[in-house]
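Trainee: Take these sequences, add in the hints, and give me the full structure.
Listed below are the residues making up each chain.
6 protein chains.
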Amino acid sequence: MTDIDAATHARIVDQLNHSSVATLTHWLNGRGYRNAFMPGLACVRPDLRMAGRARTMRLVPIRPDLSDLFLSRDENPHRKAVEHIGEGEVLVIDAHGNAEGGILGDIMTARLKARGAGGLVVDGCLRDVWQIKPLDLPVYTRHINAAAIQRALSAVEMDGIVACAGVGVRPGDYIVGDPDGVVVIPAPLAAEAAAYGAEHEDLEVFLREKVQAGASLAEAYPPNEAVKAEYEALKKERAQPS
Amino acid sequence: MTDIDAATHARIVDQLNHSSVATLTHWLNGRGYRNAFMPGLACVRPDLRMAGRARTMRLVPIRPDLSDLFLSRDENPHRKAVEHIGEGEVLVIDAHGNAEGGILGDIMTARLKARGAGGLVVDGCLRDVWQIKPLDLPVYTRHINAAAIQRALSAVEMDGIVACAGVGVRPGDYIVGDPDGVVVIPAPLAAEAAAYGAEHEDLEVFLREKVQAGASLAEAYPPNEAVKAEYEALKKERAQPS
Amino acid sequence: MTDIDAATHARIVDQLNHSSVATLTHWLNGRGYRNAFMPGLACVRPDLRMAGRARTMRLVPIRPDLSDLFLSRDENPHRKAVEHIGEGEVLVIDAHGNAEGGILGDIMTARLKARGAGGLVVDGCLRDVWQIKPLDLPVYTRHINAAAIQRALSAVEMDGIVACAGVGVRPGDYIVGDPDGVVVIPAPLAAEAAAYGAEHEDLEVFLREKVQAGASLAEAYPPNEAVKAEYEALKKERAQPS
Amino acid sequence: MTDIDAATHARIVDQLNHSSVATLTHWLNGRGYRNAFMPGLACVRPDLRMAGRARTMRLVPIRPDLSDLFLSRDENPHRKAVEHIGEGEVLVIDAHGNAEGGILGDIMTARLKARGAGGLVVDGCLRDVWQIKPLDLPVYTRHINAAAIQRALSAVEMDGIVACAGVGVRPGDYIVGDPDGVVVIPAPLAAEAAAYGAEHEDLEVFLREKVQAGASLAEAYPPNEAVKAEYEALKKERAQPS
Amino acid sequence: MTDIDAATHARIVDQLNHSSVATLTHWLNGRGYRNAFMPGLACVRPDLRMAGRARTMRLVPIRPDLSDLFLSRDENPHRKAVEHIGEGEVLVIDAHGNAEGGILGDIMTARLKARGAGGLVVDGCLRDVWQIKPLDLPVYTRHINAAAIQRALSAVEMDGIVACAGVGVRPGDYIVGDPDGVVVIPAPLAAEAAAYGAEHEDLEVFLREKVQAGASLAEAYPPNEAVKAEYEALKKERAQPS
Amino acid sequence: MTDIDAATHARIVDQLNHSSVATLTHWLNGRGYRNAFMPGLACVRPDLRMAGRARTMRLVPIRPDLSDLFLSRDENPHRKAVEHIGEGEVLVIDAHGNAEGGILGDIMTARLKARGAGGLVVDGCLRDVWQIKPLDLPVYTRHINAAAIQRALSAVEMDGIVACAGVGVRPGDYIVGDPDGVVVIPAPLAAEAAAYGAEHEDLEVFLREKVQAGASLAEAYPPNEAVKAEYEALKKERAQPS
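Chains as they are written, first to last, in my numbering: chain B, 30 to 271; chain H, 30 to 271; chain V, 30 to 271; chain A, 30 to 271; chain R, 30 to 271; chain G, 30 to 271.
Treat the hints as calculated values from the structure; they're not laboratory data. None of the hints are false.
No copy is singled out in the list; a pair is fine if it fits within one copy or between any two copies.
Lysine-lysine pairs mimicking DSS-like chemistry, simulated, CA-CA at most 27 Å apart:
no., residue 1, residue 2
1, LYS142, LYS109
2, LYS109, LYS162
3, LYS109, LYS257
4, LYS142, LYS257
Mentor: Laid out in structure tokens, this is it:
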């Protein structure tokens, strides 16, 4: 997990919280990261933004002998990943899109929240979603299934590289969510992506307002040199002490 | 349809209304009922709980000669099932997940409500969903399709055993719904399931509050003997006249 | 595109705004238009009704040499269709249900709204949906994908006949949306459909109220001669100057 | 099950064995039977034609208490349907397209064959397909799954009306299969359909040979009056004693 | 449709007939054509290779008024595309993957063959597939459905740009098929792709034989300088007059 | 990977080669291994049986920075897994069912065969399938896609626990294939499963012949005591020196 100092991390998270997933996805595509967005996940709390570094958990379809892999219940990656999440981290769960059992319910998710987790992304199912909703945690899930995980899946690994909703995820990646869905940013690109995202979001607001005021696409989007200059002037003006 | 006396039924319904679908599904799994939850249904009214006994209707893809099966329009199981629903009963419709025509619209559903139905579960489509929403009836459906049933399906049976969203349903089963979805409880197990569900829900609230207050999974979930004792003590205390 | 004079058009739109998609779909089925409803689209703004004439755009999976088809960026049907939408018109986009890139984002959609568009129907993906939602435009889409169109699709035609969500659409068709979804009405049938729809909706309200007041299906639905007479009498009464 | 005398039945079966499923499907569509073909089934033995009357079996997802429905194992519709199949009859199995357990294996299918069954159509799974293949029975199935039925499904009814692969099926219907798939013909229409099918197949061979010899579509297909006269003349000629 | 002289065309076709679809797809990917292969099509005649230039037909879901688009039956793109196919050309049909009706049956396909068509690619259904198989035409289709097109689709355009099985296709593209499936090569790239494909195929045979004789991947694949030199030497040797 | 001595292993493989996948799946279900069969895989060589111990490879969706995980090309699990396969081992590939790029082509697969591999199971795509077919290796794959892996997936692990086609797989498991598909047997259960499978297969042949000779299900299947005794007697007789 690439090391990033606390101040840089704080700035990245702040900027990502002011970037849209669409803008970040487009920027990553230009860098050759063509599969950065996770399609098909439901956004449980569209009113919350998510931005934090990835921790991962990987599950495979259950078989009785997988239970002998771990010395104790608390060693099981299913519990361990929840219990070891750090402040602001996002738990990313690879369950191959399995639709047959809820991987986390309200109590496990409440524990994530209590430990300060920044979010939860599940390529599988949650249960107790109506009791998860009030926890004020950004949550994205592929399915809901009230059956418990024991009939369907077994956790086999924590903090490995995983596949989640069509995207490869490495621990330490920045995971960003808005109501469009979730995008994955490799840690070494995060500072640049975040700076671009926040700046671009500001420009987009400016352009959208121009368009809403009547500007045609030819006049405003994508912005030509004149529009860009106008935007730069406005920024300078806003930066002036009044 | 297993006979259950009115007082027992009332207590079961009351307890089921205080149980989560996740808890009931888990309990049933432990009894060998592995397919008790219906995945993939949309919950039209997440603000309403559903708990009542099943009545069923079965449809097959339409063919012109199926209309000669019934003596009169009112003998058609499609109308008959709606018209014969009893107080608190839940109509469960097996349409094989058909996506091509709305089985009930707003007027038929309003009739269900007027007769006191406790809910509606459709493994197929509804139409007029926006006018069904205000009826204050718990409704779960696989799809929405504004086309009328006449182009797609024909009802052939009422109150038979059906398959609905991957679960076998017998008339008289208890059907319970919350925002996670719908679970099916065989009548002979209902009293025990309901008692467990309500009790367990109370315990879950206690545990969730512990976790939200900072307890780790090892300390609180699943509850060890000390935690269980604490819960029992709290219950006793609450039961005291103040 | 069938010519319809302004007064007729205004009346049609007004009546369609008082018709349900379910009623219109059923009426079209009776005229031999069996595939008139578009199943599987999400309704982004269930609080808004949509009724307007269709403009179309067709896209195919991207390949680098498709960019040489158009003289300039503004000639590209992707921009042209947005920039040429007329007052009250509905843009219908055929992207074969592609799930891999957002065809329009918030700025392009804001331009549609600024030009007075009556709605947007996408058999593919949108991006920036959370910023599209506040634009007060009726929008229906199959998917959301934050990735930009450039990695997935290329527009090749504007105002041709298209396939959208399983329905053939000709420019000039009336496109009507409510929370059930979207229905397509051929222009030559629109006046008759709209008149029927508005009238029938009024009757449905009358019948639903009867049913909610306790009438059985046999007494009220579908309406027999007595009920129809009662409705006619009520209409006459309402039409009286008070 | 509509009564048809033995001689008529024999002639129908003979003619259906000389009709293509495509021709029969088209003829039924013209009679208002729009869903007569079963899409999505694999043809296990493309070298065999199938034509016989339907017997049906219906299954629902398993639950432990369904086993109390029948007095003895041999009363279970799963075994009874196999054991009661008649000479030339086709067993049609409604399992909702379930993909999780093989409904019949090689021994049950061998028993069908030994009793003289005319075919097997499964909207679900078979197992032991490689040992079923050599049995010389026309078989159509949606899936293959080596797991046994006990983990997935329970038979609840024999000889009821069922839904199979999108088509409503009544016991006694004629079920016809060729490598395109399976079509369902209501018994009262069978004599007419079979006569048309066999006659039309003969005409199609004539037309295909014309086209293969160089005739354009305008000259040969669909046949104009001259081509029809030519065909009639040829038939007369063939009918001459030589 | 890019002009290519007859001799060049003949050489391209010959080389493509000695190239694998896998090799061509990989080469196109390197040129930025990332969606060149059509996944999900069944190969009806795995014993035949296909290589020819594309003609296209586009269909949309049927509606009764689409029949008024064409002056006569023979003007309908459905018949016209078949009747105007040229020697060696491949008919590519865009039907959005529709599964509900067979677009061509045996007689229309026999006409394609009689006119010298080089192949048929259908993003939809065929019917009469068992009678199409003996026609010795390379055919690829997404589905089989014995129902005739009249209940499902209407052709609206011939020789436009289409989408077929996830690939954009322009008339005149080279369409190549082997048992893996179908790949689309833009005409301006065809000569280079074909030359590469044939050469590479020869090298692959050489490498496969080396591997089958015991060479490790490190020794043989991808080929290092020594292996390439060995191959060049072998080629020179084979080119010697004996 | 559980240690099993060579003689035992040889006997297990021999017995598994005489067991049907259906029988083994059923036996495992009885031991609580409910997800042992892999549904949905195509059998490329139905004429070959497969039985061997699992080696595994895991891939995730491609991203450019995954290439920095390995020191050299030959360290990449994609090549390493092929190059390190042992005599009789079956390579099991977890690609989450990805449909976008062929993980192995003919040369890599030829190398597997040259190293003595016992089979190949791919929960993803192969390419060059027509050139893989003649290699005389048992191969099962979910899809075919002629595009190369580089555009879609990156291998991240060799010989870890994986999920393949809905089944959890540990290195060293016995992987058995017949035309029904593939089943996974945990190593500690393999000797018992294999002995049961071979014995049961022999009994099944006996029972099938009885049924084909006219025995009813009640008389022969499942076998009652008399039938079992008859079978035991026959076995004893066959065991006699003649």
